[in-house]
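S.K.: So the chains spell out like this:
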Amino acid sequence: MAVKDAGRAASADSPRTGGQPESAEFIQLLTPEGERVEHPDYPLEISAEEIRGLYRDLVLVRRIDFEAIALQRQGELGIWASLLGQEAAQIGSGRALEPTDMAFPTYREHGVAWCRGLDPTKLLELFRGVSNGGWDPSAHSFHLYTIVIGSQTLHATGYAMGIQRDGAVGGDDGEAVIAYFGDGATSQGDVNEAFIWASVTNAPIVFFCQNNQWAISEPLERQSRVPLYLRAQGFGFPGVRVDGNDVLACLAVTRKAMQAARDGQGPMMIEAFTYRMGAHTTTDDPTRYRLAAELETWKLKDPIERVKAYLVRNELADESFFTALDGEAAELGARVRKSCLEMPDPSPLALFANVYAEPNALVEAERDQYAAYLESFEEAAR
Amino acid sequence: MTRLTLSKALNEGLRKAMEDDPKVLIMGEDVGKLGGVFRVTDGLQKDFGEARVVDTPLAESGIVGTAIGLALRGYRPVCEIQFDGFVFPAFDQITTQLAKMRYRSLGNLILPVVIRIPCGGGIGAVEHHSESPEALFTHTGGLRVVACGDPADAYAMIQLAIKSDDPVIFFEPKRRYWDRAEVDTAGGLAEALPLNRARTVISGTDATLLCYGPMVRTAAAAAAAAAEEGRSVEVIDLRSLSPLDTETIFESVRRTGRCVVAHEAPVTGGLGAEIAARVTEECFYNLEAPVLRVGGFSTPYPPSRLEEHYIPDLDRVLDTVDRTFGY
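Chain order of the listed sequences is A and B. Take the position in the first sequence, starting the count at 1, then add 1; the result is the number in the working numbering. Take the position in the second sequence, starting the count at 1, then add 17; the result is the number in the working numbering.
Don't read these hints as lab results, they were simulated from the structure. All C-beta atoms, glycine included, are put in the ideal place defined by N, C-alpha and C. Treat the hints with caution; some may be incorrect.
Interface residues of chain B toward chain A, partial, derived using beta-carbon atoms under 8 Å [claimed, not checked]: (1) Gly66; (2) Leu89; (3) Arg90; (4) Pro260.
Produce the entire structure from the sequences given, and follow the hints as far as they go.
M.R.: What follows is the structure in structure tokens.
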């Protein structure tokens, strides 16, 4: 697997301005205008039906996101981390996974969660404060959201080392891991340690970095003076940059990287060059630190519009398809809203549950004391 | 019965655990060919291979973080942190991830990870090689914290820790690694004292002396000296620091009416403070004196030429026991 353009941006004659040159090349299969282009390393054979399927995914996860933001604004969620603008990176990479592959997300991977078959309601539980996650990771091959930046990349790498020990790499039934993280996370020690571990163990893992240009208010220049995908080379494995707003490119590049990992060729880093179109979370106000013009530029590269343009231009979907999808999205939004509003709070004593797998006298004693305390109010009311 | 050092007893316990369960892995710095700087993993890589006894890159967060991933895949990793003072780069992974992941999953996950930490001073080491950070971990819900004090116990405790489905921080008293004692390596774990129980080392009637890890031997010696003065001091090795075996502690203190807690760690915010509060609450009417603590000072660990002043020795422990009779 070639490292295309590796070293170019860091060569001696480049201006040392830091950050990422706008002109840095990336792998693209569908332009912002909706034109299909070819890349020699990433041929993609894909049917119209599959592209319509990807379009449906993109539209539906944006709808989930829209609904969740509204629910937060109405006080139904404590906070929400929007994926707006990053749908293609998540759906493209998420649809590249086999059911047996394992994904380790951050807290923004709602699109990947969708691809792994996780009910969006489970995500709302976390952001509503009903649980700290609570789904069964093995049931969906999708680990819990991780809030501490970059921590999950080490878990993903350890899991990949387990795949090696299980002999589930290099054969027809090979498995691999994908670790999600953002541009800010690349500054974390854990991410760099994960790169080292994966490299020296040749672990079957793909590091999928969604470079959305902003770590809350800090632009990429605060994290790196080289393009992020070039970091991989220094750790001894290939890195590529893909147009993160191009669902086809994200699909093709992730598919190839995951297959290489399953085949025993070791780790790879994918930098999906994208943009966080919304706020970091609903608590954030991006107008304090970035210009509106920047957002307008990225709107022209919208990950959904280009797929629609492609489908329409090539007459691969008609008006009835889009109308039906609108209806499906509205239904999904309504279902998400309804399930959020109907979500019961856990019982107070649930806070003592599942701290330990084995009996723990300390936690049990505190639970019993608190139960008696609560009971005393009920007795007083009788 | 075999006469073993504490280091060798741990080694034999690890070997037994690896023989019993192919999912048990050992990970750490220099644990392979070298056998660990204290030789606790000596010979294990030779017998179990490099896939099960893993010399890791030199980054403690990475050791614990990848161990979590291996546990999620069904393995039972035993991580070695080379010295107590080097656990802090892994503190984030231990407290924010390892301790909370089962809770976060609503019980869908188990995290059977053991983190072995040689702890305490007394070996003339340079800075960061003599710390006693146990209270930082007992303060964290989701972790079990234990400390072994003698070879026989160490052999059983390491196996019990590995069998636990919960994460266990396993403290090893480094100045006691070379202590020798009879160890029953033929005995099964079924007869062993459970991991969450304290152990009465010496029975007594006049005062209760609580200790763990490296202080067990010191406390036993102090009790022997006290006996010569006609005082019967009960010595209890806590073994489990989280959760505490309060049943055993309270039963003893209610009988003796006096309680001293000895540990190497600074007394401020230490385990002794926690025990004093609980004993005061539960044994108030049986107490003849306030619960006293003897331990390290509220300073950084000193240069080794001063460590004999920092670590509570027999005389300081005895002095504290004497003081509890002064009320």
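S.K.: All hints, please: hold or fail.
M.R.: Checked hints:
no. : hint   : in the structure
1   : Gly66  : 10 Å, violated
2   : Leu89  : 5 Å, holds
3   : Arg90  : 3 Å, holds
4   : Pro260 : 4 Å, holds
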